[in-house]
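Read in order, the letters of the sequence shown are residues 1 to 259 in UniProt numbering.
Treat the hints with caution; some may be incorrect.
In silico SDA-like links for lysine to any residue, alpha-carbon gap of 25 Å or less [stated by the list, open to error]: (1) Lys118 / Leu227; (2) Lys224 / Trp254; (3) Lys43 / Arg125; (4) Lys107 / Leu28; (5) Lys224 / Lys72; (6) Lys34 / Trp254; (7) Lys72 / Leu188; (8) Lys258 / Val75; (9) Lys224 / Gln47; (10) Lys158 / Lys189; (11) Lys43 / Ala31; (12) Lys107 / Arg125; (13) Lys34 / Lys158; (14) Lys107 / Leu48; (15) Lys258 / Lys224; (16) Lys107 / Ala20; (17) Lys72 / Arg113; (18) Lys258 / Ser70; (19) Lys34 / Ala20; (20) Lys118 / Leu128.
The set of hints was computed from the structure by calculation and includes no laboratory data.
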Amino acid sequence: MDAWVRFSAQSQARERLCRAAQYACSLLGHALQKHGASPELQKQIRQLEGHLSLGRKLLRLGNSADALESAKRAVHLSDVVLRFCITVSHLNRALYFACDNVLWAGKSGLAPRVDQEKWAQRSFRYYLFSLIMNLSRDAYEIRLLMEQESSAYSRRLKGSGGGATGGTETAGPGGPGTPGGGLPQLALKLQLRVLLLARVLRGHPPLLLDVVRNACDLFIPLDKLGLWRCGPGIVGLCGLVSSILSILTLICPWLRLKP
């Protein structure tokens with residue numbers, strides 16, 4: 001109960017709950033339409049989804065300032081690649097939230113002359129750039145961890161006296177000098193890389209959750225910008241999964257990828 005009280009006291013947590021409910025409504029509306037539900041019920045679900053979207057925009061007022069502060073902190077990171085990816089991601093998030101605030105003003109009636117379609121396209125472009133930077137950061141961290149894991153494995157192999165055996169095996173049948181051995185060797189290397197990737201992700205749950213969450217979120221701006229039409233069902237499912245993972249990182253802070 002104490003954990004739930006701490007979670008519900010955060011404005012970010014309330015926004016994530018609204019987000020999960022919004023995309024659940026989107027997924028439910030698609031399922032109802034597919035199964036021939038009554039138009040009145042479909043209309044109610046769409047209205048609920050619109051209300052939740054507007055409520056989320058209200059809860060995100062002021063998030064641009066938080067994103068800018070996060071960008072200022074990221075500038076001081078020692079790793080050049082992480083500094084670039086995280087800083088650019090936060091700057092794009094700040095612009096995305098700014099566009100979102102303009103959309104909220106238009107939809108709430110405070111600024112009725114706002115071109116909502118134009119500002120929505122702008123916001124989704126900034127959102128897409130932010131996600132691309134996040135996924136680039138994830139790929140960079142995965143690469144570093146895979147190199148570390150591979151180096152540690154090589155040191156263990158040498159320490160156990162397996163270096164000579166490995167050299168003998170590479171020179172045996174199926175090696176580079178053997179006719180027809182190139183393709184099996186390539187397949188073996190690919191299999192080993194996939195196993196190494198799985199081991200790295202299994203050993204670093206925060207990184208795994210961040211990759212899955214960013215990959216799910218990527219479908220949303222791609223669909224809204226018309227770059228890859230996924231349909232409301234896929235968008236709703238991906239948005240719901242990423243929202244649940246975001247809520248999980250708030251409940252269990254150790255699952256949040258740092259820095």
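A quick look at each hint next to the structure:
no. : hint            : result
1   : Lys118 / Leu227 : holds, 16 Å
2   : Lys224 / Trp254 : violated, 32 Å
3   : Lys43 / Arg125  : violated, 28 Å
4   : Lys107 / Leu28  : holds, 23 Å
5   : Lys224 / Lys72  : violated, 30 Å
6   : Lys34 / Trp254  : violated, 40 Å
7   : Lys72 / Leu188  : violated, 44 Å
8   : Lys258 / Val75  : holds, 14 Å
9   : Lys224 / Gln47  : holds, 19 Å
10  : Lys158 / Lys189 : holds, 20 Å
11  : Lys43 / Ala31   : holds, 13 Å
12  : Lys107 / Arg125 : holds, 20 Å
13  : Lys34 / Lys158  : violated, 60 Å
14  : Lys107 / Leu48  : holds, 15 Å
15  : Lys258 / Lys224 : violated, 29 Å
16  : Lys107 / Ala20  : holds, 21 Å
17  : Lys72 / Arg113  : violated, 34 Å
18  : Lys258 / Ser70  : holds, 12 Å
19  : Lys34 / Ala20   : holds, 21 Å
20  : Lys118 / Leu128 : holds, 15 Å
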